[in-house]
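Colleague: Chain by chain, the residues run as shown.
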Amino acid sequence: MRAKRLVVAATAAALFTTGLVVATAPAQAAGKIDYCTVQNLTEAGGMDALVTAAKKEGTLNVITLASGWANYDEAIALFKKAFGIKIVNDNPDGSSAYELQTIKTAPAAKQPDVVDIGATHLGAEASDTLGRSLFTPYKVATWNDITPTWKDTNGLWYGDYQGTINIAYDSSVTPAPTKISDLANPAYKGMVALGGDPSAATESFMSVFAASIAKGGSVDDIKPGIEFFRSLKQSGNFVTVPATGANLATGAFKIALSWSFNGPGFIAAAKGIGKDLKYVTPKDVVLKGSPYIQAINAKAPHCAAARLWEEFLFSENKGKFSKDLTSADIKQSGSKVFATIMGGQNIFNSGAAHPITEAAMIKKGTLIAPPAGFEIPAGVKVYSPTLDQQIPQQAVVKTMWPSVIQ
Amino acid sequence: MTNSYVSSKGVSRKGGTFARRNLIIAAPLLPLLAYLTFFFFWPMFAVVVDSLKNNDHQWSLINFTTIAQKPYSTAFKNSILLGALSALFASIPGALFAYIIEVRGSEKLKGFINSLSGVLANTGGVPLAFMFIATFGAQGSAIKILKSLGIDLYSGGFTLFSFTGIVFVYLYFQIPLMVIIFSPALHSIRNEWRDAAKNLGATPRKFWTTIGVPLLFPSFAASFLLLFASGFAAYATARAMTVGNIALVPLVIGTLVDGNVQVNQANVGKSLAVGMVLISALAMIPYLIIQRRARRWQQ
Amino acid sequence: MAAMKKRIDLALFTALGLAGIFILLPFGSSAEFSFREYSTDGKLLHSFAPYRWIIEQPEFLSHLLLSFKLAFIAVLFTAILVVPSVAWLHLKAQSFRPIVEIVTLLPLVIPVVALSIGVQAAFPDWLQSTEYELPLMYVVLSLPFTFRILDNGLQAIPLKTISEASRGLGANWPKTIFYVIAPVMRTAVAGAFFLTFALSLGEFTLTSLLHWDTFPTWVTSVSQQNIIGAIALSVFSLAVAFLILLLVGLFSSRSKKRTEVAE
Chain A
1 MRAKRLVVAA TAAALFTTGL VVATAPAQAA GKIDYCTVQN LTEAGGMDAL
51 VTAAKKEGTL NVITLASGWA NYDEAIALFK KAFGIKIVND NPDGSSAYEL
101 QTIKTAPAAK QPDVVDIGAT HLGAEASDTL GRSLFTPYKV ATWNDITPTW
151 KDTNGLWYGD YQGTINIAYD SSVTPAPTKI SDLANPAYKG MVALGGDPSA
201 ATESFMSVFA ASIAKGGSVD DIKPGIEFFR SLKQSGNFVT VPATGANLAT
251 GAFKIALSWS FNGPGFIAAA KGIGKDLKYV TPKDVVLKGS PYIQAINAKA
301 PHCAAARLWE EFLFSENKGK FSKDLTSADI KQSGSKVFAT IMGGQNIFNS
351 GAAHPITEAA MIKKGTLIAP PAGFEIPAGV KVYSPTLDQQ IPQQAVVKTM
401 WPSVIQ
Chain B
1 MTNSYVSSKG VSRKGGTFAR RNLIIAAPLL PLLAYLTFFF FWPMFAVVVD
51 SLKNNDHQWS LINFTTIAQK PYSTAFKNSI LLGALSALFA SIPGALFAYI
101 IEVRGSEKLK GFINSLSGVL ANTGGVPLAF MFIATFGAQG SAIKILKSLG
151 IDLYSGGFTL FSFTGIVFVY LYFQIPLMVI IFSPALHSIR NEWRDAAKNL
201 GATPRKFWTT IGVPLLFPSF AASFLLLFAS GFAAYATARA MTVGNIALVP
251 LVIGTLVDGN VQVNQANVGK SLAVGMVLIS ALAMIPYLII QRRARRWQQ
Chain C
1 MAAMKKRIDL ALFTALGLAG IFILLPFGSS AEFSFREYST DGKLLHSFAP
51 YRWIIEQPEF LSHLLLSFKL AFIAVLFTAI LVVPSVAWLH LKAQSFRPIV
101 EIVTLLPLVI PVVALSIGVQ AAFPDWLQST EYELPLMYVV LSLPFTFRIL
151 DNGLQAIPLK TISEASRGLG ANWPKTIFYV IAPVMRTAVA GAFFLTFALS
201 LGEFTLTSLL HWDTFPTWVT SVSQQNIIGA IALSVFSLAV AFLILLLVGL
251 FSSRSKKRTE VAE
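Chains as they are written, first to last, in the numbering used here: chain A, 1 to 406; chain B, 1 to 299; chain C, 1 to 263.
The set of hints was computed from the structure by calculation and includes no laboratory data.
Fair warning: there could be bad hints in the mix.
To be verified - Mimicking DSS-like on lysine-lysine, the simulated pairs with C-alpha atoms at most 30 angstroms apart in a straight line are:
| hint | chain 1 | residue 1 | chain 2 | residue 2 |
| --- | --- | --- | --- | --- |
| 1 | A | 56 | A | 223 |
| 2 | A | 80 | C | 69 |
| 3 | A | 81 | A | 283 |
| 4 | A | 299 | A | 323 |
| 5 | C | 69 | A | 86 |
| 6 | C | 43 | B | 144 |
| 7 | C | 43 | A | 189 |
| 8 | A | 189 | B | 206 |
| 9 | A | 223 | A | 283 |
To be verified - Partial pick of chain C residues on the chain B-facing surface, computed with a CB cut under 7 angstroms:
| hint | residue |
| --- | --- |
| 10 | 112 |
| 11 | 195 |
| 12 | 234 |
Note that CB positions come from ideal geometry on N, CA and C, so glycine has one too.
Please model the complete structure; the sequences and the hints are all you need to start from.
Modeller: Okay, structure coming up:
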């Protein structure tokens, strides 16, 4: 009898509390914006509101943002310092395929908010089993400055930066390589490496593409590149180790093909192990890769932070880097802080990447000076395979590469 | 030491029916079993179920027919070879070392070696790969030492990033594993037997050929099989040492987990995993038969 | 007799010597690397700078403590789940030993990659959003080893006999467990705990495939910026394992001496 009364009392209390919460929630939520459906800065209620909402979420989940890659270290540090938002970076050395696979298989708490993928991974791979896009649309403030070819009309995805394939080499290597075709030189036995697996990593795929054009192929034919690496493997020049810092330190490789925007970071890291690393644009072929693609995950756990991050990455602002940011700067209102800090597009530029809004920024005069030594030589033909050209060649590499390295 | 295997299946009608008695005996083991069921069998079951489904989520054996062909069959061949070779080159030194420690070592040394083997058997991945690259890589310390002695391994085409290289690196954890697994078998060579054989006039060699080796061989074979399974399934070290140039099943599964699937082969990774379990099971069955027979001698 | 003694010493000495080289050469080479420091003009010095760098990293302590916490929980679960089960197996349920042995071998032969696929597919979302799913899996991964260590340790002891003797002398079960069974299992249990701890501290594959960030994954992510620092970290982890090993070894031998004296 007493137990029964207790149960009734407990149920009543529970119902009352729930009722209280439900009653007050709408009052708090009156005029509240659902940031998971916001598609641009206006809908977000302006920069101040967006920053406040993002700070409330407190965390941003990013994925596979490698250290030393297009100066993401600075972007992350600056974002963290300016807005006090924690950034969780899942598997920094992972591939674009890993990013999309994570969206498809990871539990809710481990979903990335934003992705930065190679362009060939758009399409079927970027859709779920029912054919719906994995992304949610959002058009940043600088949307009109993004090259039309590299953005989805609905705002589902948008290119952010691109680079050229450079030759990275330890300065102790003689003779210093200047062309991709030089890599067949017997003096380079046991020295040449790629960033990773060309059938999975865009950088390695583009390296093979560049080799192909250097050896008489074209943007529609990657086979000469595959055959070039096959011959390098047979002569012993090509070592199948990833071009990581640890492998450089132990001398496992001395020459690699790499994105120009990996240069500044890698050179700095190499100094730490006493190596003088050099990056040069190859004289025989300048391959400008298609831009990497930014997108917001439809299942993003931190919607406002995700959108703030995108606004940040596409900001063309000429402002302060993280080391120059003062606590007085941070205390300002959200939109003022945003205006004080260096925009993401300029941060990419400082990392020797070509920001997607480069043309517009040059016109407006907001582009900062890129690091020395990474300029594309004037008057050189620049090859830029389109997506339609890349995708079939990607399939060719997937089929043929295993036989090259066995 | 009574052989409870016989007695518990035998007479005792004390605690009620046979089944009920077995249940009482088994009851305290249920927590462990429940734990394993939830945290191990259930995930594995999910893998098995998915491996039998094709891209359209219907029951199908297509994943298994796929893995029977190239390039997956090559991966299986390589993995089996890697397991077998690393087991072969680890089991003999491991057994010899375990024997010497067991017979000539003090109790303290035995305990220390056992614990040390526990630590070393768990090394792997990037730290282990780095240790070997720093030692046997092109600029490695051992290579430099050998060069100063006039031996240049690398001129002969040796490289750490080859199949041979990986087998070599695997020895670092396979040999300690052998020590852990094989040592108990050595307890069974009682010193009394050796002394008795000596008193009967047998030379150490005769003791070994007629008693020692035949006695130890089953345990040795069993340990070998376990080492095979370990080398077959190892992932982190292989990943650190290669970048896809050597096809190994755990690595292929890893690439597929990372998302690099062919469009029409969504569940191939899971069928590869099931394939691995089947092969390991094939190695485990002789292991268990041998162990059962050997245990009688050990008691 | 003297000649035989010499032969014994030589064999042991050679074995230990070879083992020492085999173990220490790779470890020593990377250890040497970990003390390297390059001056701005590229000269090679040796110093503790990489280790100082490690300790200065704000994320070093948080990740290390996280891994310690997870390792400790894994040991706890081993203590609660595995140790009593193996003891019971030897005491009363010896007929089940073959089956249990098979079952405990399975985590060794199944690739961790496959297990991670299964975990992501099977576990409910609430379980996958807490880092405590990791120590639960570490217990499974270390089971092949811990079972064997405990099993071997107990095989050398006539457990049934001494516990029956204890009961016969009038002690109840708790007293028997505490004063008779526990002491004789001490070394084996210490070994099992130690192994679980070492495995949990160094477990990388499952942790990273399940998108968690513990000490080993942090070391890998940090390696691209500061290679020597990362090498110093892995040397550090292994050295810590060795250190704990020595301590455990000292502890167990001291207690052994005590029991030997008591006899």
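Colleague: Against each hint, give a clear statement of whether it holds in the structure.
Modeller: We went through each hint and held it up to the structure:
1. A:56 <-> A:223: Violated: residue 56 of chain A and residue 223 of chain A sit about 52 angstroms apart, past 30 angstroms.
2. A:80 <-> C:69: With Cα atoms ~27 angstroms apart, residue 80 of chain A and residue 69 of chain C stay inside 30 angstroms; holds.
3. A:81 <-> A:283: violated, 41 angstroms
4. A:299 <-> A:323: violated, 33 angstroms
5. C:69 <-> A:86: Given pair residue 69 of chain C, residue 86 of chain A holds - Cα atoms ~22 angstroms apart, limit 30 angstroms.
6. C:43 <-> B:144: Measuring from Cα to Cα gives roughly 19 angstroms; hence the hint holds.
7. C:43 <-> A:189: Distance of about 26 angstroms is within 30 angstroms: holds.
8. A:189 <-> B:206: violated, 54 angstroms
9. A:223 <-> A:283: holds, 21 angstroms
10. 112: holds, 6 angstroms
11. 195: holds, 4 angstroms
12. 234: This interface hint holds because 4 angstroms falls under the 7 angstroms limit.
Going down the numbered hints, you'll see the structure goes against 1, 3, 4, 8, while the others check out.
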